[in-house]
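Trainee: Following the hints, position chain A against chain D.
So you can see what is in the structure, the chains are spelled out below.
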Amino acid sequence: MELKSGSNLEKILRAGHFAFTGELGPPRGANDAAVREKAQFLKGNVDSVNITDNQTAMVRMSSWAASLIALQEGLEPNYQMVCRDRNRLAMQSDVLGAYALGIRNMLCLSGDHQQFGDHPRAKSAYDIDSVQLIQMIKKMRDDGKFQGDADIDTPPKMFIGAAANPFADPFEWRVYRLAKKVKAGADFIQTQCIYNMDKFRRWIQQANDMGLTEKIYILAGVTPMKSIGMARYMKSKVPGMDVPDEIIKRLQGVDKKQVAAEGIRIACEQIAEFKEMKGVAGVHLMAIEWEHKVPEIAEQAGMLPRPQV
Amino acid sequence: MIVAERKPLEEIKSMLKGYRRVLTVGCGTCVAVCLAGGEKEVGVLNAELNIARKLDGDPIELGAACVERQCDMEFLDELQGLVDQYDAILSMACGAGVQFMAERFEDVPVFPAVNTTFIGANRDVGWYEEKCRACGTCVLGMTAGICPVTMCAKGLFNGPCGGTNNGYCEIGNDQPCAWYRIYERLARQGRLEQIMEIHPATEWRNQTPRTLVQAAYRKRKELAES
Numbered sequence: 001m002e003l004k005s006g007s008n009l010e011k012i013l014r015a016g017h018f019a020f021t022g023e024l025g026p027p028r029g030a031n032d033a034a035v036r037e038k039a040q041f042l043k044g045n046v047d048s049v050n051i052t053d054n055q056t057a058m059v060r061m062s063s064w065a066a067s068l069i070a071l072q073e074g075l076e077p078n079y080q081m082v083c084r085d086r087n088r089l090a091m092q093s094d095v096l097g098a099y100a101l102g103i104r105n106m107l108c109l110s111g112d113h114q115q116f117g118d119h120p121r122a123k124s125a126y127d128i129d130s131v132q133l134i135q136m137i138k139k140m141r142d143d144g145k146f147q148g149d150a151d152i153d154t155p156p157k158m159f160i161g162a163a164a165n166p167f168a169d170p171f172e173w174r175v176y177r178l179a180k181k182v183k184a185g186a187d188f189i190q191t192q193c194i195y196n197m198d199k200f201r202r203w204i205q206q207a208n209d210m211g212l213t214e215k216i217y218i219l220a221g222v223t224p225m226k227s228i229g230m231a232r233y234m235k236s237k238v239p240g241m242d243v244p245d246e247i248i249k250r251l252q253g254v255d256k257k258q259v260a261a262e263g264i265r266i267a268c269e270q271i272a273e274f275k276e277m278k279g280v281a282g283v284h285l286m287a288i289e290w291e292h293k294v295p296e297i298a299e300q301a302g303m304l305p306r307p308q309v
Numbered sequence: 001m002i003v004a005e006r007k008p009l010e011e012i013k014s015m016l017k018g019y020r021r022v023l024t025v026g027c028g029t030c031v032a033v034c035l036a037g038g039e040k041e042v043g044v045l046n047a048e049l050n051i052a053r054k055l056d057g058d059p060i061e062l063g064a065a066c067v068e069r070q071c072d073m074e075f076l077d078e079l080q081g082l083v084d085q086y087d088a089i090l091s092m093a094c095g096a097g098v099q100f101m102a103e104r105f106e107d108v109p110v111f112p113a114v115n116t117t118f119i120g121a122n123r124d125v126g127w128y129e130e131k132c133r134a135c136g137t138c139v140l141g142m143t144a145g146i147c148p149v150t151m152c153a154k155g156l157f158n159g160p161c162g163g164t165n166n167g168y169c170e171i172g173n174d175q176p177c178a179w180y181r182i183y184e185r186l187a188r189q190g191r192l193e194q195i196m197e198i199h200p201a202t203e204w205r206n207q208t209p210r211t212l213v214q215a216a217y218r219k220r221k222e223l224a225e226s
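As they're listed, the protein sequences go chains D and A.
So the first sequence is numbered by the working numbering: it starts at 1 and just counts up by one.
So the second sequence is numbered by the working numbering: it starts at 1 and just counts up by one.
Possibly wrong hints are sitting among the right ones.
Stated by the list, open to error - Derived pair list, reagent style DSS-like, types lysine-lysine, alpha-carbon separation capped at 27 angstroms: (1) D:K145 / D:K4; (2) D:K145 / D:K226; (3) A:K219 / D:K123; (4) D:K4 / D:K123; (5) D:K123 / A:K131; (6) D:K11 / D:K138.
Unchecked claim - Quick list of the computed label-pair ranges, beta carbon to beta carbon: (7) A:Q99 / D:N31: 21 to 27 angstroms; (8) D:I152 / A:R205: 49 to 55 angstroms; (9) D:F116 / A:D87: 45 to 51 angstroms; (10) A:A215 / D:P27: 53 to 59 angstroms; (11) A:P8 / D:F116: 24 to 30 angstroms; (12) D:M210 / A:A215: 43 to 49 angstroms; (13) A:R188 / D:D209: 51 to 57 angstroms; (14) D:G74 / A:G141: 41 to 47 angstroms; (15) A:A224 / D:M210: 38 to 44 angstroms; (16) D:P27 / A:P109: 45 to 51 angstroms.
To be clear, the hints were calculated from the coordinates, so they are not data collected in a lab.
The structure presented is a predicted model; accordingly, all values stated were derived computationally and were not measured.
Just so you know, even glycine gets a beta-carbon here, dropped at the ideal spot from N, CA and C.
With the rest of the complex left out, here is chain D:
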């Protein structure tokens, strides 16, 4: 079988395994030891690890650099790139560099607006948007051409990822946005954190009906709730996040010391349902600043051992 990138994630998905990916947020400093430490919890427990790119518009170690450290630690990075901080020249050169040094997966995102972060008056790039970024990376890979049409000496063969948020409105539009990303050339999708299972089922049904899930691998986003405070914050403060009251009630219904365990239990129940859900090819676990819990969650969710391909 001919692979587009040859990444582990691509092989896992192509072989028909249920993929399990994780996430690692780079530190707010040049602390490579922090990346290495987080990497230990993920190693062997996930197929690929998203390395976030200045998430929430806060300056952090660059995602390609942290991706390389992850690579040295034996992880397969999924290198995230947002459209906020780079124009098309910088994006393409970073992709070439990332590929040259062994990075094989990318996630193409719009990025949080700079107003959220610690440099709210920065001038953003937004030279291209996430759909156009997908198109550009695909053109580099498949046509061996830069966005500006010149030939590339050694094209970067990336496995191209994109995001989807079934919960941001207008809901009716969301599946069409997914269709655009499929058409632009995305190979896989990682969704926003899912809490409203009903809505997600409706969205994936639409994607199935439109034949999209036959063209793209969809990884369902899961973030275990650490506390009731976190659940409330996600519900009220994070744009485009849909946390039903039942989730909060369920967390409130257990002993204080058991809230985190209950959060993990909810996540594992979701994962069990996703495994059986038509159109879902895997789970993307975003254990935000909770990397050390990944081994436990992976175990409890029955995701271990990870298949070797």
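Mentor: This is chain A only, laid out in the frame that chain D set:
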């Protein structure tokens, strides 16, 4: 129109430090309409400056003028003769007017009294909203008359990002999501197919200073330059 906002008095005062005779010039078009730099605002600014400099023990002699458009050399010519009597010019025009003024009277320092803010529309008296970034590649036909370059905080071309929050932008609840509104309006008009196709990367045309000569006037420009 071009919308502007007057600079704080302190900033204007600090620019004029050391100048004793200053001509304040208003502009009778956009900045007059948006109540930032017309004839009336020239009077108000001069009165404020006058008092402030008196209180500082450093009085200033201020002249007042207002031309139809500072972005037109023809109107600036009217100031010839008057300008000679002053050490500096305080222009209340937009950035285009200030620059034309400085070009027309090259030996005289010209200072801006307003911050040029945006190309906008008049929602109500004294209330203006930005509507256009002059990108040079208008897509309003595709987007139901709502500009994604200006009204979407990320300037996206392919639909709303994942941050749409009950119809509002992720940057805050005062800012409607442009793409949410584009979707709603196109749906109402039965034109959703407009945004189903991928809009490719924009070939930006506002990355170098632009000059436009309408076709009928190209010969005239050639003659003027020869």
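Trainee: Each of the hints needs a verdict: does it hold here or not?
Mentor: So, going through the hints one by one against the coordinates:
1. D:K145 / D:K4: 16 angstroms, holds
2. D:K145 / D:K226: 45 angstroms, violated
3. A:K219 / D:K123: This hinted pair is violated, its Cα atoms lying about 40 angstroms apart.
4. D:K4 / D:K123: 35 angstroms, violated
5. D:K123 / A:K131: Status holds; Cα separation ~19 angstroms.
6. D:K11 / D:K138: 18 angstroms, holds
7. A:Q99 / D:N31: 21 to 27 angstroms: 48 angstroms, violated
8. D:I152 / A:R205: 49 to 55 angstroms: The hinted range 49 to 55 angstroms is violated for D:I152 and A:R205, with Cβ atoms some 26 angstroms apart.
9. D:F116 / A:D87: 45 to 51 angstroms: Roughly 47 angstroms apart at Cβ, these two residues keep to the hinted range, so it holds.
10. A:A215 / D:P27: 53 to 59 angstroms: 58 angstroms, holds
11. A:P8 / D:F116: 24 to 30 angstroms: 28 angstroms Cβ-Cβ, so the 24 to 30 angstroms window holds.
12. D:M210 / A:A215: 43 to 49 angstroms: 46 angstroms, holds
13. A:R188 / D:D209: 51 to 57 angstroms: Because 24 angstroms falls outside the window, the suggested range is violated.
14. D:G74 / A:G141: 41 to 47 angstroms: 52 angstroms, violated
15. A:A224 / D:M210: 38 to 44 angstroms: Violated, at about 59 angstroms.
16. D:P27 / A:P109: 45 to 51 angstroms: 50 angstroms, holds
Consistency note: the structure conflicts with the earlier hints numbered 2, 3, 4, 7, 8, 13, 14 and 15.
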